[in-house]
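Using the hints, position chain B against chain A.
Given next are the chains, with one letter for each unit.
There are 2 protein chains.
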Amino acid sequence: MKTLGTLGERETIRLIERIIQSDASIGPGDDCAAIDLGDKYLLITTDMMATKSHVPKGMGPYDVGWSIIAVNLSDIAAMGGRPIGLVTAIGITRGHPIDFIEQMADGMNDCARRFGTSIVGGDTKEHDDLVLCGTAFGEVPKDGLLLRKGARAGDLIAVSGQLGRAGAGFHSMKKGLGLKEAEDSLRRPWPRIREGIALSQSGFVTSCMDISDGLSASIFEMSKNSGMTYEVDYEKVPKAKEVEMAFHDLERQKDLVLNFGDDFELLFTIKREEEEPLAKLAKECGCPFTVIGKVTSGEENILIDMGKREKLENLGYEHFRTRQ
Amino acid sequence: MKTLGTLGERETIRLIERIIQSDASIGPGDDCAAIDLGDKYLLITTDMMATKSHVPKGMGPYDVGWSIIAVNLSDIAAMGGRPIGLVTAIGITRGHPIDFIEQMADGMNDCARRFGTSIVGGDTKEHDDLVLCGTAFGEVPKDGLLLRKGARAGDLIAVSGQLGRAGAGFHSMKKGLGLKEAEDSLRRPWPRIREGIALSQSGFVTSCMDISDGLSASIFEMSKNSGMTYEVDYEKVPKAKEVEMAFHDLERQKDLVLNFGDDFELLFTIKREEEEPLAKLAKECGCPFTVIGKVTSGEENILIDMGKREKLENLGYEHFRTRQ
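If you're matching them up, the sequences are chains A and B in order.
For the first sequence, numbering that gives the first Met the number 0 assigns the number 0 to the initial residue and increments by one for each residue that follows.
For the second sequence, numbering that gives the first Met the number 0 assigns the number 0 to the initial residue and increments by one for each residue that follows.
Quick caveat, the hints were computed from the structure, so don't treat them as lab data.
Don't take every hint at face value.
[Stated by the list, open to error] Label-pair distances were calculated between CB atoms; the ranges are: (1) D304/A x D127/B: 35 to 41 Å; (2) L249/B x T2/A: 36 to 42 Å; (3) H247/A x D127/B: 34 to 40 Å; (4) D127/A x A152/B: 41 to 47 Å; (5) M0/B x D127/A: 17 to 23 Å.
[As the list claims (entries may be wrong)] Just so you have them, the derived chain A footprint on chain B, three or more residues with Cβ under 8 Å: (6) 7-17; (7) 90-96; (8) 116-130.
[Claimed, not checked] In silico negatives: residues of chain A with every beta carbon more than 12 Å from chain B: (9) E16; (10) K124; (11) F219; (12) N224; (13) Y233; (14) A281; (15) E312.
Quick caveat, the model's predicted, so the values are computed rather than measured.
Where a beta carbon is used, it is the ideal one built from N, C-alpha and C, also for glycine.
Just chain A, same shape as in the assembly:
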C-alpha cells in the first residue's frame, strides 16, 4: 500500500491540486489564492502548525501564537497585499492550562495588531495535541499582484533582510549558544508586510515569494513557476551575523543560509535596469534589499561560490520525510 511517506509533502500537495478544481484567478500553487473582486484581488492563505513537528523547544505559548499569525501574513506580503484580517482555528487538549491559551491568544493578537490588522474570528476544538490553523486575507490592486511566476531572462534576483538567522537561532536553542537575537527571530517571525506593499507599488518587481522553506527550495519553486533558471551568487547572499557563530564549518554555514528556512524574507526578481531604484526603495523601507544573482534561460539552477559554478541543490525542508 503506497502511503504519503513515499510521496513526500510536495508530491502530496500536487496530488491534491490535481483533484481540486479551483475557480479562482490564482488557485493553489502560489503563496496565496487570489479571487477577483472587480477592482482588486482578495488574497487568501492558510497555514497549519502542529506543535510536535513545527514548534522548536524553547518556544513559549506567546511565540506559538505570534508565529501562526506571522507565517500567514508573510504569504500576504509575498503577493504584495495589505492584510485585512485573519481567522484562527485552535485544536487544544483539555489538559492545557488556562494561562497557556491566554498567552497564545496574546501572541496572536499582538502580531496581528503590529502589522495593522486583526483577528476577526476563529474556532476552538478539543484535540489530542496542540494544532493551530491560521487563515489570512488581504487585498491588492490588480496591477500590483506579485506572483511566483513572471521573471524573464536577464531579471535580477533579490532578497530582503538576511538569511540564516532563524536557522542559527534553532541551533542556538538546541545547543545553548545564547544567540538571543537569532533565537528571537525564530520565535517571532517578522512578516515583510510593508516591504511587500512597497515592492508591489514599485512597478519593477517581476515575481515574488517568501522564503519559508529555505532559499534553495524557493528558487526551485520560482523556477518551476516561471520556467526560467536562476543563478545565485553565494557570496552576494546577505548572511545573518549569527550564522558563523552557530557553526565554524563553512559547509554547515552554507547549508544554514541556503536550506534551513524560517527566515520569512522575500525572494523576488526585478527588471535588470532597476537596481538603483531598488536601493532607493530599500532605504525608504528601512530594510536591506540585496541583489544575489540573475534569471537565465539555462538548463538548471546554478550556485556560484568563490567563482565556481555548481548545480544548486533543492534541499529545503520537506514534511513527511525526515529532516536532515
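Okay, now just chain B, sitting in the frame of chain A:
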C-alpha cells in the same frame, strides 16, 4: 492549575474573545466574521475537525472531506451569504494511504462544486493524526446580512428542514440499525446555501444561525445575542422520521431532536406578520420552513410540550467535556 477541561469549550472561546481585538464589522461570536468591503460584506468562517473527537466511525475519507467543506458553507448560509471560495489545511500522517487523501480531496471538491463554489488553496502538513481545517469566505449585500441578534418580542421562530436526522444516523451507525438516509445525512451534511440566500433576500428575517450544536444550544446562543427569550413548542418542531426508528423512548427522541446537533439546518426568526410569505418562500426553495415558536421578553427560554411549559435546558454538544 486550572485547565481548559474546567472551563469547557464555550468559556474557552469567550476567554479568547476577550483577548482578541477585532477590527471587523462583525467579529467573533457569530457564524461568520464580516469585513466591510464598501458595497458589501466579506464573510469568513473557519472550522477545525479532528478525526478522533469529531468523526463518527462509519465515515469514510470522502465523507470527511465533504463534511469539512459543508460545515463551513453552513456558516456562510447562516449569514445569508453566497460562497466565493474555500481554503483547506490538512494535517495528516505519513502512514496514510495515497488513496485516502485522493478520496478525501474528491469529497472536498465535490461538496464545494455542488454548492457553486470551489477550493482555491490550502496547506498540507505532517501530523500525528488526521486534522482538517476549512475556511470559507462569502459575500453578502449589506442590507442582506443575517445575524444571531436582531429578533424582537413577537417575532416567530422557524427552522429549515427537519431535526434529529443526523442524531438518528449516529445511533443507527453505532447500533447497526440500517437507517440509511439518516446515516447519509450525518456523513454528508447539506449546507442550506440556497435557503440562506433566499431568507437574506426576503427582507423579513430578523436573525439567523445554523444548528450545528443542536436546537437547544442554538436557541441559547440566539437568546444571548438578542437579549430576548425564546418559547419553543416541541410539538411543532419538525422531526425526521428516523428519530422514532432510532429510539422508542420519547425522552430519548426529544433529546435527539433538541440536543444532538449536526443537522446543519437554519434556525431563524421572522416578523410575526410574515408567516404566509415564509410558506411561499419555502415552496420556492423546495425546503420546508416551519414555525416552532415565538420570541418573548420573558425570564428564561421555555419549551412547551403537550401544553406544559418547562424551562428549556441548554444541553447542546460542548467540547472539552464528555458527551452525554
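We went through each hint and held it up to the structure:
no., hint, result
1, D304/A x D127/B: 35 to 41 Å, "holds (39 Å)"
2, L249/B x T2/A: 36 to 42 Å, "violated (48 Å)"
3, H247/A x D127/B: 34 to 40 Å, "holds (36 Å)"
4, D127/A x A152/B: 41 to 47 Å, "holds (45 Å)"
5, M0/B x D127/A: 17 to 23 Å, "holds (19 Å)"
6, 7-17, "holds (count 5)"
7, 90-96, "holds (count 7)"
8, 116-130, "holds (count 14)"
9, E16, "violated (9 Å)"
10, K124, "violated (5 Å)"
11, F219, "holds (18 Å)"
12, N224, "holds (15 Å)"
13, Y233, "holds (30 Å)"
14, A281, "holds (30 Å)"
15, E312, "holds (22 Å)"
Hints 2, 9, 10 from the list above are not met by this structure, while the remaining hints are.
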